[in-house]
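Quick note, the sequences are listed as chains L and D, same order.
Using the working numbering, the letters of the first sequence correspond one by one to residues 1234 to 1350.
Using the working numbering, the letters of the second sequence correspond one by one to residues 385 to 498.
FYI, nobody ran anything at the bench for these hints, they're computed from the structure.
Take the hints with a grain of salt, since some may be wrong.
As the list claims (entries may be wrong) - To spell it out: a stretch of chain L is covered by chain D in this simulated footprint if at least three of its residues, at any positions, have a beta carbon under 8 Å from a beta carbon of chain D; those stretches are: (1) 1271 to 1283; (2) 1331 to 1339; (3) 1342 to 1348.
For every residue, glycine included, the Cβ atom is placed at its ideal position computed from N, Cα and C.
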Amino acid sequence: GAVVSQHPSWVICKSGTSVKIECRSLDFQATTMFWYRQFPKQSLMLMATSNEGSKATYEQGVEKDKFLINHASLTLSTLTVTSAHPEDSSFYICSARLLDRDDNEQFFGPGTRLTVL
Amino acid sequence: DAKTTQPNSMESNEEEPVHLPCNHSTISGTDYIHWYRQLPSQGPEYVIHGLTSNVNNRMASLAIAEDRKSSTLILHRATLRDAAVYYCILSPRIYGGSQGNLIFGKGTKLSVKP
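Required output: the full structure, derived from the provided sequences and hints.
What follows is the structure in C-alpha cells.
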C-alpha cells in the first residue's frame, strides 16, 4: 500500500523558534497533500491543502504567515511553524492523495507531536 | 460537505463481529463513503471506501444501504488491535481543480474486550 512518512515524529522547541515538519510520499506521487492539526481528545482539523508547484490553500482561521507550506515536488510537502508558541503545541498530521484517482482515497502520515515550551 | 452521524462509542468482545453504523442522509450522488480509523497517537489509517456497491477488503467490509443514506462498516472478527476511533467520511468525486478535503467528525470510539 501507499506509504506516507513524516519527519520528525516529535519535536520540542522553545517559544519563538521555528519548526519545520516534512511529509513525504514514499512510493507514489502526490500533486495534492493535506495538513491537519489534532488537539488532545479532539478530531482532526484540516489546516491547509498543499498543491505541488502552487500556493497552498488555507482553511479559515489558519494564519498563512504562521504556518508556511511548501510543496516543492510530487513527493514532498513541508509545514513550517514560525515563531512557535505554547498554543501551537499539537499533533500535526499530513496526508497525500494518489494521482489520477477520483475517489479521494488518502494516505496519512504517522503524525508529528510538537511541544512548544 | 455532506455530514455523517456516528455513535460516540461502541464496545465489542474479541473475536466477535462488529458492525459500526454511519448515517449520511444528505449524501449526494457523487459522494464516496470513506472509512478511516485512528489508533492513539497515530495518524489515521485507511480502512475501506465505496460508492454504491458493497465492498470487501482484507481489513473489513462496507455495506451500503440501497438508498445510500446509511452504511455499516463490518469487522468480521474484532481483535484488540482494532480498538480505535473509526471515522465515516463523505467525499465528493474529485474532478480537475477540486480540492477534495476529508472532513473528520468525532467518529466512533471502539473498545474491544478480551
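The hints, checked one at a time:
no.: 1; hint: 1271 to 1283; verdict: holds (count 5)
no.: 2; hint: 1331 to 1339; verdict: holds (count 6)
no.: 3; hint: 1342 to 1348; verdict: holds (count 4)
Violated hints: none; the structure is consistent with every hint.
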